[in-house]
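> These are the residues of each chain, in order.
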Amino acid sequence: MDEKGDSLPLITGLDPYEIERIRRDFPILRERIRGKPLVYLDNAATTQKPLTVIYALQRFYAAENANIHRGVHFLSQQATFAYERSRARIRQFINARENREVIFVRGTTEAINLVADSYGRAFVRPGDQIVVSQLEHHANIVPWQWLCARRGARLRVVPVDDAGEFAFDEYEKLLREPTRLVAVAHASNALGTVLPVKDIVRRAHDQGAHVLLDGAQAVSHIPVDVQDLDCDFYAFSGHKMFGPTGVGVLYGRAALLEQMPPYQGGGEMIRTVTFEGSTYADLPHKFEAGTPNIAAGVALEAAVDYINSIGRSRIAAYESELLAEATDLLQRVRGVRLLGRARRKVAVLSFTMESAHPHDIGTILDAEGIAIRTGHHCAQPVMQRFGVPATARVSLAVYNTRSELETLAAALGKVGEVFSR
Amino acid sequence: MSELRELYQQLILDHNKSPRHYGRLADANRHSEGHNPLCGDRLQVFVRLEGDVIRDLSFEGSGCAISRASASLLMEALKGKSVTQADRLLAAYHRMLTSPPDAEVDRDSLGKLAVFAGVRAFPMRVKCATLPWHTVRAALAGDGTPVSTE
Chain A
1 MDEKGDSLPL
11 ITGLDPYEIE
21 RIRRDFPILR
31 ERIRGKPLVY
41 LDNAATTQKP
51 LTVIYALQRF
61 YAAENANIHR
71 GVHFLSQQAT
81 FAYERSRARI
91 RQFINARENR
101 EVIFVRGTTE
111 AINLVADSYG
121 RAFVRPGDQI
131 VVSQLEHHAN
141 IVPWQWLCAR
151 RGARLRVVPV
161 DDAGEFAFDE
171 YEKLLREPTR
181 LVAVAHASNA
191 LGTVLPVKDI
201 VRRAHDQGAH
211 VLLDGAQAVS
221 HIPVDVQDLD
231 CDFYAFSGHK
241 MFGPTGVGVL
251 YGRAALLEQM
261 PPYQGGGEMI
271 RTVTFEGSTY
281 ADLPHKFEAG
291 TPNIAAGVAL
301 EAAVDYINSI
311 GRSRIAAYES
321 ELLAEATDLL
331 QRVRGVRLLG
341 RARRKVAVLS
351 FTMESAHPHD
361 IGTILDAEGI
371 AIRTGHHCAQ
381 PVMQRFGVPA
391 TARVSLAVYN
401 TRSELETLAA
411 ALGKVGEVFS
421 R
Chain U
422 MSELRELYQQ
432 LILDHNKSPR
442 HYGRLADANR
452 HSEGHNPLCG
462 DRLQVFVRLE
472 GDVIRDLSFE
482 GSGCAISRAS
492 ASLLMEALKG
502 KSVTQADRLL
512 AAYHRMLTSP
522 PDAEVDRDSL
532 GKLAVFAGVR
542 AFPMRVKCAT
552 LPWHTVRAAL
562 AGDGTPVSTE
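Chains A and U, in that order, are what the protein sequence lines are.
Counting from 1, position 417 in the first sequence corresponds to residue 417 in the working numbering; the numbering is continuous, with no gaps.
Counting from 1, position 115 in the second sequence corresponds to residue 536 in the working numbering; the numbering is continuous, with no gaps.
For reference, chain U alone in the conformation it holds in the complex (with noise of 0.2 Å):
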């Protein structure tokens, strides 16, 4: 029960229910899809990208509390940082979420996305934590195209 409440902290509770930066981006410029065959997820990230810099982003799409938590902190986390920034956290919490659930959590380049550390105890979900990871350095990696916003 412990690991539970490990799993669903309050931070993680808050962001499912009030995603922050959902919602098309209307200038995005570097777009993705991400979808996880295993569970029916699906993720859009839409990102707005200045130079070097991610000026502002934005996801939509259907998963669980912690897809959707994990998304919409990413959002958060990476808004204003430069790519090379973004990649040193990406990788920093791919290792966390992939590391043994008794793992020392790199909290001073996590910050907020340390939260997610609970996850690890439950192999299952890890996937889902992945998910806006995968979407969003896809969407970094993207060739610039801008999307369509219909």
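Chain A extracted, bound-state conformation (with noise of 0.2 Å):
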């Protein structure tokens, strides 16, 4: 097996052996859910751990654990080198020019939010324009609504069209006035639709305006390179790329950062502190106030290394198969309406059926043991625009089996006997 796994071209899908290897390293997909094996179908929401991770965790408590960057004691020494490896490491995972552009904050939402409060004091005025698209998560969405609404700007929208792709030249024709910053996912996580990033950076930054990208579903499914990229920031989340809850990234241009102001005030952004003022401490920590999850940030670089021990060219290139094979079986189930058909996808699958509220559905695949997410996907905006008040989404990773997506079809079929009943 090995020796043919050895003859397989270098950017591939995974084999069923690889894959069975893949799975027995997290613990959770042994797990029974009411007497049936777990079929783990919500990625998106956040994908499971493997034991690396699980460990990395554990071995810091039980043996490293201190606080970061002050003690001179031994353990926080440890502690410090353990997490400022971790941020070398994602710096390489995401090809940063300097380890000082990693920020460490508490996931996407908190590296969103620290942009739009330090960015904006920095750089919007009123009558800017700030540019996100129709795909975005809430947390794309509210807190540039909020800096438009201080700082006198206004948040314009581009639109998606019925397949779910990112209208180009209506984007075109909004970036002919005068833009600040655009924002927008590099994945979307209601529908699956992968942006042209690279060109809505490239004609973003031809006007002028700086560009962030969500990256939350895109990290750990599909190659992200920074300097590629060209983006000015960067923002994800550990626990959606088998890392920890409580920690997430922003990348941001070195040179952009360092004209921003801190985002909160406390220990370790300072330099000095006096009751007359004070002065801030350089990257990446004049963005890190307080005590961080340090042992999240320390995991971190367990999940990095977990990916990278597969490559996520072949993680691609199986959940593309994976995707292109889930796809033709929800179509084959009837009364099923797929939402989204964009040309270049994660493996998100959104949809509706005719004879089931998705609530309905996610009930009724719980009792088969399968976990999919239903409701709004914190994207009610894709779903006004579909005109559906909430859709049943499934989302792969890379320890996923066809075998479990003929599960997935199997119940689904049996949603549509119970409600034709």
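By construction, these hints were calculated from the structure, which means they are not laboratory data.
Beta carbons: idealized from backbone N, C-alpha and C, even for Gly.
Fair warning: there could be bad hints in the mix.
[Claimed, not checked] Which stretches of chain U does chain A cover? Using the computed rule of at least three CB atoms under 8 Å from a CB of chain A, they are:
{"no.": "1", "stretch": "424 to 438"}
{"no.": "2", "stretch": "452 to 465"}
{"no.": "3", "stretch": "478 to 488"}
[Stated by the list, open to error] A few chain U residues that don't get close to chain A, going by computed Cβ distances all over 12 Å:
{"no.": "4", "residue": "H442"}
{"no.": "5", "residue": "A512"}
{"no.": "6", "residue": "G563"}
[To be verified] In silico SDA-like cross-links for lysine to any residue, where the CA-CA straight-line distance does not exceed 20 Å:
{"no.": "7", "chain 1": "A", "residue 1": "K173", "chain 2": "A", "residue 2": "P196"}
{"no.": "8", "chain 1": "A", "residue 1": "K36", "chain 2": "A", "residue 2": "T407"}
{"no.": "9", "chain 1": "A", "residue 1": "K414", "chain 2": "U", "residue 2": "R441"}
{"no.": "10", "chain 1": "A", "residue 1": "K36", "chain 2": "U", "residue 2": "S423"}
{"no.": "11", "chain 1": "U", "residue 1": "K548", "chain 2": "U", "residue 2": "R463"}
{"no.": "12", "chain 1": "A", "residue 1": "K414", "chain 2": "U", "residue 2": "K500"}
{"no.": "13", "chain 1": "A", "residue 1": "K36", "chain 2": "U", "residue 2": "R426"}
{"no.": "14", "chain 1": "U", "residue 1": "K438", "chain 2": "U", "residue 2": "R463"}
{"no.": "15", "chain 1": "U", "residue 1": "K548", "chain 2": "U", "residue 2": "A513"}
{"no.": "16", "chain 1": "A", "residue 1": "K198", "chain 2": "A", "residue 2": "P223"}
{"no.": "17", "chain 1": "U", "residue 1": "K548", "chain 2": "A", "residue 2": "D366"}
{"no.": "18", "chain 1": "A", "residue 1": "K173", "chain 2": "A", "residue 2": "Q207"}
{"no.": "19", "chain 1": "U", "residue 1": "K438", "chain 2": "U", "residue 2": "R426"}
{"no.": "20", "chain 1": "A", "residue 1": "K414", "chain 2": "U", "residue 2": "K438"}
{"no.": "21", "chain 1": "A", "residue 1": "K414", "chain 2": "U", "residue 2": "Q431"}
{"no.": "22", "chain 1": "U", "residue 1": "K500", "chain 2": "U", "residue 2": "L531"}
{"no.": "23", "chain 1": "U", "residue 1": "K438", "chain 2": "U", "residue 2": "Q465"}
{"no.": "24", "chain 1": "A", "residue 1": "K414", "chain 2": "U", "residue 2": "L432"}
{"no.": "25", "chain 1": "A", "residue 1": "K36", "chain 2": "U", "residue 2": "L425"}
{"no.": "26", "chain 1": "A", "residue 1": "K198", "chain 2": "A", "residue 2": "A342"}
{"no.": "27", "chain 1": "U", "residue 1": "K502", "chain 2": "U", "residue 2": "R441"}
{"no.": "28", "chain 1": "A", "residue 1": "K414", "chain 2": "U", "residue 2": "E424"}
{"no.": "29", "chain 1": "U", "residue 1": "K438", "chain 2": "A", "residue 2": "V418"}
{"no.": "30", "chain 1": "U", "residue 1": "K502", "chain 2": "U", "residue 2": "S453"}
{"no.": "31", "chain 1": "U", "residue 1": "K438", "chain 2": "A", "residue 2": "P37"}
{"no.": "32", "chain 1": "U", "residue 1": "K438", "chain 2": "A", "residue 2": "V388"}
{"no.": "33", "chain 1": "U", "residue 1": "K502", "chain 2": "U", "residue 2": "D448"}
{"no.": "34", "chain 1": "U", "residue 1": "K438", "chain 2": "A", "residue 2": "R337"}
{"no.": "35", "chain 1": "U", "residue 1": "K438", "chain 2": "A", "residue 2": "S355"}
Put the two chains together into one complex, using the hints given.
Rendered as structure tokens:
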């Protein structure tokens, strides 16, 4: 089997033997739910964790725990070293130029709020435009609404077409007016659409606008190279890439971050404090006030290593095979309507059924041990665009299998049966 | 699986598929809107109140099988009742939905509405059954301004 694997071309999907080995790294996948083997298809909400990540958390608290960047004692130095090593690994992972461009935050939401607050104070003037897309998660809408209200700026929205594609021509029209920042998803959490982010960045830069990419749904599924993308900010969460909750990353171009004021005030982010005034620390600490989630930050390195041990190109190739198969299977279930048929997608399938509301689908699938997400996916504008109150969403990860997809299709058949009774 | 069968009983499936009292009541003098922001469900309730009596009522909106059937069965149960009788029934319905899954069900007071006892085994779905309850109560407590029928 290994020999056969070696003879395969470099970029290919993963064979069933490798998938079986990957599945063994995730203890939760052996759980039984309501007497049935767990079929976890809610990876866009959060991914499961491999043993290496679980052990990294455990090891930190069992043997390495101390606060970072302050003590002279041994453990504090060790903890600082592990935390900073994780930062360096993440720099490599997204190909940032410097470690100081990697800011640890709680997650994508905090990263975007940080930029809206700090970049907003430094750069956004009355009359400026902030451009988002109709596909955004609420976390990439609400902070910009607040910023626009505070600074007298205007929020503009690039629509999506019936397939769920970003309307590039409409985007170009919007850019004719003075635009300060474009903030769009790399991949949509509700539909799976992968946006043409390189072109989006290029056109924005032509107009002198900066670009933030919300990478929450992209970073563990497709290769991300912030220098190649040429974006100014890139935000993502640890827990959607096999890492712990409570840690995420804001990548920012150093030249921009240096011009931005601190986000929160507190320990760690200062250089000197007197009652007359304070001066601030250098990057990245300027943006990292207070004791962070150290254990999660340290364990994020293990998550990056885990992804690298498989390879993002191979993950992407395998997931796109799974996506094609899932699309095909779902289309064959009577009454299923798929939303979002973009040419490039991550493995997210949003759908409705003629006979059953998404919540009823979710409850019946749950009884079969299948976990999916139902609702508006924190993307109500997408639901409005497609004229549905909610959808059922299947989102895949590298440990999902073809046989799980067949289990899903069979369970959806049962949904149809129950509701046509 | 038996819990699932308890949840999706034939009566519920039937009222989901063919909801009674569905649409906008032309001569309503009470109206309210209900919204479950967690799932995006929206519901409107129209009531024709004559003196102390619920002469007629209807509902409209999108929702799951539990919320549609619960609205439909509530409409059926409340039609022709006095406001006092309605309050008593609504209180019994809410008491049942918020009781533990194995608690005794007051079938005499609840009648057909007892069919929703199975929802109690699905904590995430209890709100689906209480949305119509909230909305009907709001309509009955309303100020009586006639609603627009467009």
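> Determine for every hint whether it applies to the structure shown.
Hint check:
Given a C-beta distance limit of less than 8 Å, the hint that chain A covers the stretch 424 to 438 of chain U holds, as 8 residues qualify and 3 suffice. Check on the stretch 452 to 465 of chain U: 5 of its residues sit with their Cβ under 8 Å from a Cβ of chain A, so the three-residue criterion for coverage holds. Note: the stretch 478 to 488 of chain U has 5 residues with beta-carbon separation from chain A under 8 Å; the three-residue rule is met and the coverage holds. The claim that U:H442 lies off the interface holds: its Cβ sits roughly 19 Å from the closest Cβ of chain A, which is beyond the 12 Å cut-off.
Distance check for U:A512 against chain A: the nearest CB is about 26 Å away, which clears 12 Å, and the non-interface claim stands. Every beta carbon of chain A lies more than 12 Å from that of U:G563, the smallest distance being close to 24 Å; the non-interface claim holds. Between A:K173 and A:P196 the alpha-carbon distance is near 16 Å, which keeps this suggested pair within the 20 Å criterion. Proposed proximity of A:K36 and A:T407 is supported: the alpha carbons are some 11 Å apart, at most 20 Å.
A distance of roughly 26 Å separates the Cα atoms of A:K414 and U:R441; the hinted pair therefore is violated under the 20 Å criterion. Taking the CA atoms of A:K36 and U:S423, the gap is near 14 Å; set against the 20 Å cutoff, the hint holds. With a C-alpha separation of about 12 Å, the suggested pairing of U:K548 with U:R463 holds against the 20 Å cut-off. Of the pairs offered as hints, the one joining A:K414 and U:K500 is violated, with about 35 Å between alpha carbons and a cut-off of 20 Å exceeded.
In summary, the hint linking A:K36 to U:R426 is supported, as the alpha carbons are separated by about 17 Å, within the 20 Å threshold. Distance restraint check for U:K438 and U:R463: the Cα-Cα separation of roughly 17 Å lies within the 20 Å cut-off, and the hinted pair is therefore satisfied. Of the pairs offered as hints, the one joining U:K548 and U:A513 holds, with about 16 Å between alpha carbons and a cut-off of 20 Å not exceeded. Annotation: proposed proximity of A:K198 to A:P223 holds, straight-line Cα distance about 13 Å (limit 20 Å).
Distance check on the hinted pair: U:K548 and A:D366 sit about 18 Å apart at the alpha-carbon level, within 20 Å; holds. The suggested pairing of A:K173 with A:Q207 holds, with an alpha-carbon distance near 12 Å, which does not exceed 20 Å. Among the hinted pairs, U:K438 with U:R426 is consistent with the structure: their alpha-carbon atoms are about 17 Å apart, no more than 20 Å. This hinted pair checks out: A:K414 and U:K438 have alpha carbons roughly 16 Å apart, not beyond 20 Å.
Proposed proximity of A:K414 and U:Q431 is supported: the alpha carbons are some 15 Å apart, at most 20 Å. A hinted pair counts as satisfied when its Cα atoms are at most 20 Å apart, and U:K500 with U:L531 qualifies at roughly 14 Å. Pair hint U:K438 plus U:Q465 holds up; C-alpha atoms about 18 Å apart against a cutoff of 20 Å. Taking the CA atoms of A:K414 and U:L432, the gap is near 18 Å; set against the 20 Å cutoff, the hint holds.
Pair hint A:K36 plus U:L425 holds up; C-alpha atoms about 14 Å apart against a cutoff of 20 Å. For the proposed pair A:K198 and A:A342, the alpha carbon gap of about 17 Å is at most 20 Å, so the pair holds. For the suggested pair U:K502 and U:R441, the alpha carbons sit about 17 Å apart, so the restraint of at most 20 Å is met. Straight-line distance between C-alpha atoms of A:K414 and U:E424 comes to about 16 Å, which keeps the hinted pair within the 20 Å bound.
For the hint pairing U:K438 with A:V418, the CA-to-CA distance comes to about 11 Å; that is within 20 Å, so the pair holds. Straight-line distance between C-alpha atoms of U:K502 and U:S453 comes to about 19 Å, which keeps the hinted pair within the 20 Å bound. A C-alpha spacing of about 32 Å is found between U:K438 and A:P37, which places the hinted pair above 20 Å, so the restraint is violated. The suggested pairing of U:K438 with A:V388 holds, with an alpha-carbon distance near 18 Å, which does not exceed 20 Å.
Restraint check: the Cα-Cα separation between U:K502 and U:D448 comes to about 18 Å, which is no more than 20 Å; the hinted pair holds. For a cut-off of 20 Å, the pair hint linking U:K438 to A:R337 stands: about 19 Å separates their Cα positions. Only pairs whose Cα atoms come within 20 Å are accepted, and U:K438 paired with A:S355 is accepted, the gap being roughly 8 Å.
In this structure, the earlier hints numbered 9, 12, 31 are contradicted, and the remaining ones agree with it.
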